[in-house]
Amino acid sequence: MKVINLISGPRNLSTALMYSFAQRPDMKVLDEPFYGYYLSNADVKIQHPCHNEIVRTMPNDAALVLNQIRALSTSHHVFLKGMAHHYLSDAPEFILKWHNIILIRHPKKLLASFAKVIEHPTLDDIGIKKASEIFTYLTSEGKTPIVIDSDELLKDPSTYLKKICSLLQIPFFEAMLSWKKGGIPEDGIWAEHWYANVHNSEGFAVQRTSDQPLPEYLEPVLAAAIPYYNILKNHILKND
14 MKVINLISGP RNLSTALMYS FAQRPDMKVL DEPFYGYYLS NADVKIQHPC HNEIVRTMPN
74 DAALVLNQIR ALSTSHHVFL KGMAHHYLSD APEFILKWHN IILIRHPKKL LASFAKVIEH
134 PTLDDIGIKK ASEIFTYLTS EGKTPIVIDS DELLKDPSTY LKKICSLLQI PFFEAMLSWK
194 KGGIPEDGIW AEHWYANVHN SEGFAVQRTS DQPLPEYLEP VLAAAIPYYN ILKNHILKND
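Going left to right, the sequence shown walks through residues 14 to 253 as the working numbering numbers them.
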């Protein structure tokens, strides 16, 4: 069975995509399975909501996470919603066997939203630099990932999801376009801090933070993020 690996940054519609794939009868989803590993092993500069609970309840060894993924994939396709910066290796060889998708959003929109929960994010915290590095790594190994953009997705979710499913060589299901309000059982324990918008939604919708101004103190982070965003933007799947 396929492992579909969504490599994203925070506030990118990644949770909505996880909800979408969770509606499929042939799919199991995992919400940021490497989060505990990341918090346990990275030099994290900021305090994440539920930090201690995540470290206590999730695997802090990448091998344990991979065992969990392998076990699920014996009977179903598996959709992994993950953050790019949770991959600590410069060459995470285990993802070469997976079907990788990199999800991007303009850093200005991302930062405006992220700062509502974590006020002073760094470039590393938003994942765009790491996503660009993973793109380069996968491409160098002949495993060029699909690159998708949240704004392109919102233009016409049905058409875009059909294109994504076609590239993944899996059927499209109409059920992927909607879900019930509230959470799903697979939500991470951090959901109460991050998932208010998707919990109040029944499908893909423009995020309320999309047009909010960026605080001036985040302008240097935005300036540092733009070159990495532009690298990936040149490869996005269009929704025309």
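Derived from the structure by calculation, the hints contain no laboratory data.
It cannot be assumed that every hint is accurate.
[Claimed, not checked] Cut-off 20 Å, straight-line C-alpha distance, at most; resulting in silico cross-link-like pairs (SDA-like, lysine to any residue): (1) LYS15 / ASP39; (2) LYS15 / LEU52; (3) LYS251 / LEU190; (4) LYS156 / TRP111; (5) LYS121 / LEU85; (6) LYS110 / ALA75; (7) LYS15 / ARG83; (8) LYS41 / LYS246; (9) LYS194 / ARG37; (10) LYS168 / GLU215; (11) LYS121 / GLU165; (12) LYS15 / GLU199; (13) LYS122 / ARG37.
Results for each hint:
Restraint check for LYS15 and ASP39: the C-alpha separation of about 10 Å stays at or below 20 Å, so the hint holds. Simply put, LYS15 and LEU52 have alpha-carbon atoms about 27 Å apart, too far for the 20 Å limit, and the pair is violated. Only pairs whose Cα atoms come within 20 Å are accepted, and LYS251 paired with LEU190 is accepted, the gap being roughly 18 Å. This hinted pair checks out: LYS156 and TRP111 have alpha carbons roughly 9 Å apart, not beyond 20 Å.
Simply put, LYS121 and LEU85 have alpha-carbon atoms about 36 Å apart, too far for the 20 Å limit, and the pair is violated. A threshold of 20 Å between alpha carbons decides the hint, and for LYS110 with ALA75 the separation of about 16 Å falls inside it, so the pair holds. With a C-alpha separation of about 10 Å, the suggested pairing of LYS15 with ARG83 holds against the 20 Å cut-off. Taken as a hint, the LYS41 and LYS246 pair is broken in the structure, with Cα atoms around 29 Å apart against an allowance of 20 Å.
As the CA atoms of LYS194 and ARG37 are separated by approximately 17 Å, the hinted pair is consistent with the 20 Å bound. Under the criterion of a C-alpha separation no larger than 20 Å, the hint pairing LYS168 with GLU215 is consistent with the structure, at around 16 Å. At most 20 Å may separate the alpha-carbon atoms for a hinted pair to count; LYS121 and GLU165 meet this at roughly 16 Å. At roughly 19 Å between alpha-carbon atoms, LYS15 and GLU199 fall within 20 Å of each other, so this suggested pair holds.
Note on LYS122 and ARG37: the hinted pairing is violated, with a Cα-Cα distance of about 29 Å set against a maximum of 20 Å.
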